[in-house]
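S.K.: Sequence:
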Amino acid sequence: MGSALFVKKGLQLQASFLERAKRLYGSKVFSVDFSKAFTAQRINSYVEKETRGKVVNLIQDLDPLTAMVLVNHIFFKANWTKPFNPADTHKSFPFLVDKQTTVRVPMMQQRDTFAFGVDPKLNCSVLQMDFRGDTVAFFILPGEGKMRQLEETLSARVVRRWSHSLRKRQIEVFLPKFSISASYDLETILPKMGIRDAFNKNADFAGITKTGFLQVSKATHKAVLDIGEEGTEAVAATATKLIVRSKDNPSFPVIAFKKPFLTMITSKDLSAIFFIGKIKNPSEA
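So the sequence shown is numbered by UniProt numbering: it starts at 1 and just counts up by one.
No lab work stands behind these hints: they were computed from the structure.
Heads up, the beta-carbon is just placed ideally off N, CA and C, and yes, glycines get one too.
Accuracy of the hints is not assured; some may be wrong.
[Said to hold, decoys possible] The calculated DSS-like cross-link candidates involving lysine-lysine, where the alpha carbons are at most 27 Å apart (straight line), are:
#1 K258 - K280
#2 K258 - K278
#3 K222 - K168
#4 K99 - K146
#5 K8 - K28
#6 K280 - K259
#7 K99 - K278
#8 K146 - K77
#9 K168 - K82
#10 K168 - K146
#11 K121 - K146
[To be verified] Label pairs and their computed distance ranges (CB to CB):
#12 V29 - K168: 45 to 51 Å
#13 K28 - L154: 33 to 39 Å
#14 D134 - K9: 39 to 45 Å
#15 G143 - A203: 43 to 49 Å
#16 L154 - N72: 21 to 27 Å
#17 D63 - S183: 16 to 22 Å
#18 S283 - L11: 44 to 50 Å
#19 D63 - R167: 50 to 56 Å
#20 N123 - E230: 30 to 36 Å
#21 D269 - N85: 25 to 31 Å
#22 R167 - N200: 47 to 53 Å
Can you build the whole structure from these sequences, using the hints too?
M.R.: Below, the structure written as C-alpha coordinates:
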(Lines of atoms letter the chains of each structure in order from A and count residues from 1; the text may use other names and numbers.)
(Lines give C-alpha, C1' and ligand atoms only; values in the text may rest on other atoms or scores of the structure.)
Protein backbone atom coordinates (compact mmCIF):
# COMPACT_ATOMS: atom_id res chain seq x y z
CA MET A 1 0.00 0.00 0.00
CA GLY A 2 1.30 3.44 -0.79
CA SER A 3 0.76 6.76 -2.53
CA ALA A 4 2.59 9.21 -4.74
CA LEU A 5 2.26 12.88 -5.63
CA PHE A 6 3.09 13.99 -9.15
CA VAL A 7 3.46 17.77 -8.89
CA LYS A 8 3.72 20.41 -11.59
CA LYS A 9 7.20 21.82 -11.85
CA GLY A 10 7.43 25.09 -9.96
CA LEU A 11 4.37 24.48 -7.79
CA GLN A 12 5.27 25.07 -4.15
CA LEU A 13 3.51 22.77 -1.70
CA GLN A 14 3.01 23.53 1.96
CA ALA A 15 5.73 21.93 4.07
CA SER A 16 3.14 20.78 6.61
CA PHE A 17 1.15 19.02 3.85
CA LEU A 18 4.24 17.22 2.54
CA GLU A 19 5.24 16.17 6.05
CA ARG A 20 1.82 14.69 6.78
CA ALA A 21 1.60 13.01 3.37
CA LYS A 22 4.94 11.30 3.92
CA ARG A 23 4.35 10.44 7.59
CA LEU A 24 0.76 9.18 7.32
CA TYR A 25 0.73 7.70 3.83
CA GLY A 26 4.36 7.18 2.91
CA SER A 27 3.83 9.40 -0.12
CA LYS A 28 6.59 9.89 -2.64
CA VAL A 29 6.80 13.22 -4.48
CA PHE A 30 7.75 13.62 -8.14
CA SER A 31 8.16 16.87 -10.08
CA VAL A 32 6.75 16.55 -13.62
CA ASP A 33 5.76 18.56 -16.66
CA PHE A 34 2.07 17.95 -17.38
CA SER A 35 2.37 19.56 -20.81
CA LYS A 36 4.47 16.61 -21.99
CA ALA A 37 2.64 13.62 -23.47
CA PHE A 38 4.95 11.10 -21.79
CA THR A 39 3.98 12.25 -18.27
CA ALA A 40 0.80 10.15 -18.32
CA GLN A 41 2.88 7.13 -19.32
CA ARG A 42 5.31 7.85 -16.50
CA ILE A 43 2.49 7.84 -13.96
CA ASN A 44 0.99 4.67 -15.46
CA SER A 45 4.37 2.93 -15.40
CA TYR A 46 4.79 3.82 -11.73
CA VAL A 47 1.36 2.41 -10.83
CA GLU A 48 1.88 -0.71 -12.94
CA LYS A 49 5.19 -1.41 -11.20
CA GLU A 50 3.80 -0.81 -7.71
CA THR A 51 0.83 -3.13 -8.33
CA ARG A 52 2.96 -5.86 -9.95
CA GLY A 53 1.37 -5.28 -13.34
CA LYS A 54 -2.19 -5.66 -12.11
CA VAL A 55 -3.31 -2.05 -12.65
CA VAL A 56 -2.43 -0.64 -16.06
CA ASN A 57 -3.37 2.55 -17.89
CA LEU A 58 -4.84 4.25 -14.84
CA ILE A 59 -4.37 7.68 -16.45
CA GLN A 60 -5.73 8.06 -19.99
CA ASP A 61 -4.83 11.70 -20.62
CA LEU A 62 -3.73 14.80 -18.77
CA ASP A 63 -4.77 18.43 -19.10
CA PRO A 64 -1.73 20.76 -19.47
CA LEU A 65 -3.32 22.88 -16.71
CA THR A 66 -3.05 19.98 -14.26
CA ALA A 67 -1.24 21.06 -11.10
CA MET A 68 -0.99 17.77 -9.24
CA VAL A 69 -1.92 14.10 -9.55
CA LEU A 70 -2.36 12.09 -6.38
CA VAL A 71 -2.08 8.33 -6.81
CA ASN A 72 -3.06 5.84 -4.12
CA HIS A 73 -2.38 2.18 -4.71
CA ILE A 74 -2.71 -1.09 -2.87
CA PHE A 75 -1.33 -4.48 -3.84
CA PHE A 76 -2.81 -7.33 -1.84
CA LYS A 77 -1.59 -10.89 -2.18
CA ALA A 78 -2.34 -13.53 0.41
CA ASN A 79 -2.57 -17.30 0.70
CA TRP A 80 -5.47 -19.19 2.20
CA THR A 81 -4.83 -20.83 5.54
CA LYS A 82 -6.62 -23.78 3.94
CA PRO A 83 -5.82 -23.72 0.21
CA PHE A 84 -7.85 -25.58 -2.38
CA ASN A 85 -6.30 -28.58 -4.10
CA PRO A 86 -6.03 -27.80 -7.84
CA ALA A 87 -6.68 -31.49 -8.55
CA ASP A 88 -10.19 -31.04 -7.10
CA THR A 89 -11.04 -28.06 -9.30
CA HIS A 90 -13.80 -28.76 -11.85
CA LYS A 91 -12.58 -27.38 -15.16
CA SER A 92 -16.04 -26.69 -16.57
CA PHE A 93 -18.79 -26.16 -14.01
CA PRO A 94 -22.15 -24.50 -14.82
CA PHE A 95 -22.62 -21.01 -13.37
CA LEU A 96 -26.05 -19.37 -13.68
CA VAL A 97 -25.45 -15.73 -14.62
CA ASP A 98 -29.19 -15.10 -14.96
CA LYS A 99 -32.30 -17.03 -15.96
CA GLN A 100 -31.28 -16.95 -19.62
CA THR A 101 -27.50 -17.32 -19.35
CA THR A 102 -25.34 -20.16 -18.08
CA VAL A 103 -21.56 -20.18 -18.47
CA ARG A 104 -18.92 -22.81 -17.74
CA VAL A 105 -16.26 -21.82 -15.21
CA PRO A 106 -13.42 -23.45 -13.22
CA MET A 107 -15.02 -24.37 -9.89
CA MET A 108 -12.81 -25.04 -6.88
CA GLN A 109 -13.98 -27.59 -4.32
CA GLN A 110 -12.94 -28.24 -0.74
CA ARG A 111 -14.30 -30.00 2.33
CA ASP A 112 -12.95 -28.53 5.57
CA THR A 113 -13.90 -26.54 8.65
CA PHE A 114 -14.96 -22.95 7.99
CA ALA A 115 -17.07 -20.26 9.65
CA PHE A 116 -20.48 -20.45 7.99
CA GLY A 117 -24.07 -19.45 8.58
CA VAL A 118 -27.37 -18.36 7.09
CA ASP A 119 -28.86 -14.95 7.79
CA PRO A 120 -32.65 -15.43 7.83
CA LYS A 121 -33.28 -11.68 7.95
CA LEU A 122 -31.35 -10.92 4.75
CA ASN A 123 -31.99 -14.35 3.22
CA CYS A 124 -28.36 -15.12 2.40
CA SER A 125 -25.64 -17.63 3.18
CA VAL A 126 -22.31 -16.36 4.50
CA LEU A 127 -18.93 -18.07 4.32
CA GLN A 128 -15.76 -16.75 5.93
CA MET A 129 -12.37 -17.99 4.74
CA ASP A 130 -9.16 -16.90 6.41
CA PHE A 131 -5.91 -15.83 4.82
CA ARG A 132 -2.56 -16.25 6.49
CA GLY A 133 -1.97 -13.15 8.53
CA ASP A 134 -4.64 -10.72 9.65
CA THR A 135 -7.05 -10.66 6.69
CA VAL A 136 -10.20 -12.64 5.90
CA ALA A 137 -12.58 -13.04 2.98
CA PHE A 138 -16.36 -13.14 3.12
CA PHE A 139 -18.44 -14.72 0.37
CA ILE A 140 -22.14 -13.93 0.51
CA LEU A 141 -24.69 -15.91 -1.51
CA PRO A 142 -28.14 -14.25 -1.64
CA GLY A 143 -31.39 -16.17 -1.85
CA GLU A 144 -33.37 -16.19 -5.10
CA GLY A 145 -34.16 -12.62 -6.15
CA LYS A 146 -32.53 -11.10 -3.05
CA MET A 147 -29.34 -9.62 -4.51
CA ARG A 148 -30.64 -6.04 -4.67
CA GLN A 149 -31.94 -6.21 -1.09
CA LEU A 150 -28.58 -7.54 0.07
CA GLU A 151 -26.64 -4.80 -1.72
CA GLU A 152 -28.85 -2.06 -0.31
CA THR A 153 -28.65 -3.44 3.24
CA LEU A 154 -24.98 -4.39 3.40
CA SER A 155 -23.07 -2.29 5.94
CA ALA A 156 -20.17 -2.52 8.37
CA ARG A 157 -22.71 -3.23 11.10
CA VAL A 158 -24.11 -6.20 9.19
CA VAL A 159 -20.63 -7.62 8.54
CA ARG A 160 -19.75 -7.31 12.23
CA ARG A 161 -22.94 -9.17 13.12
CA TRP A 162 -22.03 -11.93 10.70
CA SER A 163 -18.49 -12.18 12.03
CA HIS A 164 -19.73 -12.60 15.61
CA SER A 165 -22.48 -15.06 14.71
CA LEU A 166 -20.89 -17.43 12.19
CA ARG A 167 -20.11 -20.87 13.56
CA LYS A 168 -17.19 -23.03 12.53
CA ARG A 169 -18.09 -26.44 11.21
CA GLN A 170 -17.18 -28.87 8.49
CA ILE A 171 -18.63 -27.83 5.16
CA GLU A 172 -18.28 -28.58 1.47
CA VAL A 173 -17.40 -25.44 -0.48
CA PHE A 174 -17.75 -24.88 -4.22
CA LEU A 175 -16.20 -21.54 -5.20
CA PRO A 176 -15.39 -20.39 -8.74
CA LYS A 177 -11.98 -19.07 -9.68
CA PHE A 178 -12.34 -15.51 -10.86
CA SER A 179 -10.53 -12.33 -11.76
CA ILE A 180 -12.35 -9.01 -11.74
CA SER A 181 -11.24 -5.54 -12.74
CA ALA A 182 -13.23 -2.32 -12.62
CA SER A 183 -12.64 1.41 -13.00
CA TYR A 184 -14.71 4.10 -11.33
CA ASP A 185 -15.08 7.83 -11.87
CA LEU A 186 -15.08 9.17 -8.32
CA GLU A 187 -16.46 12.50 -9.51
CA THR A 188 -19.89 10.85 -9.67
CA ILE A 189 -19.45 8.76 -6.50
CA LEU A 190 -17.88 11.12 -3.96
CA PRO A 191 -20.61 13.82 -4.16
CA LYS A 192 -23.12 11.16 -3.08
CA MET A 193 -20.94 10.72 0.02
CA GLY A 194 -21.03 14.46 0.77
CA ILE A 195 -17.75 15.43 -0.93
CA ARG A 196 -18.92 18.08 -3.41
CA ASP A 197 -16.91 21.30 -3.18
CA ALA A 198 -13.64 19.56 -4.03
CA PHE A 199 -14.77 19.42 -7.67
CA ASN A 200 -15.87 23.05 -8.08
CA LYS A 201 -14.70 26.63 -7.50
CA ASN A 202 -15.68 26.40 -3.83
CA ALA A 203 -12.79 24.02 -3.23
CA ASP A 204 -10.39 25.13 -0.52
CA PHE A 205 -7.01 23.43 -0.67
CA ALA A 206 -5.09 26.20 1.06
CA GLY A 207 -3.53 23.52 3.24
CA ILE A 208 -1.79 22.11 0.16
CA THR A 209 -0.49 25.25 -1.55
CA LYS A 210 -0.87 29.01 -1.22
CA THR A 211 0.01 29.71 -4.84
CA GLY A 212 -3.22 29.86 -6.80
CA PHE A 213 -6.53 28.09 -6.54
CA LEU A 214 -6.86 24.34 -6.82
CA GLN A 215 -9.83 22.09 -7.43
CA VAL A 216 -10.15 18.40 -8.29
CA SER A 217 -10.71 17.96 -12.02
CA LYS A 218 -10.75 14.17 -12.09
CA ALA A 219 -10.63 11.31 -9.60
CA THR A 220 -10.27 7.74 -10.84
CA HIS A 221 -10.25 4.47 -8.93
CA LYS A 222 -9.33 1.10 -10.42
CA ALA A 223 -9.45 -2.21 -8.59
CA VAL A 224 -8.38 -5.72 -9.54
CA LEU A 225 -9.08 -8.90 -7.59
CA ASP A 226 -8.00 -12.47 -8.39
CA ILE A 227 -9.20 -15.51 -6.45
CA GLY A 228 -7.65 -18.94 -6.98
CA GLU A 229 -6.68 -22.20 -5.26
CA GLU A 230 -3.76 -20.74 -3.33
CA GLY A 231 -5.45 -17.50 -2.33
CA THR A 232 -5.92 -14.03 -3.72
CA GLU A 233 -3.97 -11.39 -5.50
CA ALA A 234 -5.26 -7.90 -5.84
CA VAL A 235 -5.47 -4.60 -5.65
CA ALA A 236 -26.66 -0.58 16.07
CA ALA A 237 -26.48 -4.33 16.16
CA THR A 238 -29.65 -6.34 15.78
CA ALA A 239 -30.67 -9.36 17.76
CA THR A 240 -30.92 -11.50 14.64
CA LYS A 241 -28.68 -14.52 14.84
CA LEU A 242 -27.25 -16.70 12.09
CA ILE A 243 -28.23 -20.30 11.81
CA VAL A 244 -26.56 -23.20 10.05
CA ARG A 245 -28.69 -24.91 7.44
CA SER A 246 -28.20 -27.86 5.14
CA LYS A 247 -30.51 -29.20 2.45
CA ASP A 248 -29.49 -32.83 2.71
CA ASN A 249 -27.45 -33.66 5.80
CA PRO A 250 -27.92 -31.36 8.84
CA SER A 251 -24.42 -32.24 10.05
CA PHE A 252 -22.70 -31.55 6.75
CA PRO A 253 -23.84 -28.46 4.84
CA VAL A 254 -22.82 -27.65 1.28
CA ILE A 255 -22.49 -24.15 -0.13
CA ALA A 256 -22.05 -23.76 -3.88
CA PHE A 257 -21.39 -20.34 -5.36
CA LYS A 258 -22.85 -21.17 -8.74
CA LYS A 259 -24.83 -17.95 -9.21
CA PRO A 260 -24.02 -14.24 -8.62
CA PHE A 261 -22.63 -13.47 -5.16
CA LEU A 262 -20.85 -10.77 -3.19
CA THR A 263 -17.32 -10.92 -1.84
CA MET A 264 -15.22 -8.73 0.40
CA ILE A 265 -11.75 -8.81 1.91
CA THR A 266 -11.32 -7.19 5.31
CA SER A 267 -8.91 -7.03 8.20
CA LYS A 268 -9.59 -9.72 10.76
CA ASP A 269 -10.78 -7.14 13.29
CA LEU A 270 -13.04 -5.59 10.60
CA SER A 271 -11.44 -2.16 11.05
CA ALA A 272 -10.68 -1.94 7.32
CA ILE A 273 -12.37 -3.18 4.15
CA PHE A 274 -9.80 -3.61 1.38
CA PHE A 275 -11.97 -4.91 -1.44
CA ILE A 276 -15.68 -5.43 -2.02
CA GLY A 277 -17.40 -6.53 -5.19
CA LYS A 278 -20.15 -8.48 -6.92
CA ILE A 279 -19.31 -11.52 -9.01
CA LYS A 280 -21.92 -11.73 -11.77
CA ASN A 281 -19.99 -13.75 -14.33
CA PRO A 282 -16.69 -15.41 -13.27
CA SER A 283 -15.88 -16.20 -16.93
CA GLU A 284 -15.40 -12.50 -17.66
CA ALA A 285 -11.97 -11.24 -16.65
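S.K.: Please write out, lowest number first, the hints stated earlier that are contradicted by the structure.
M.R.: 3, 8
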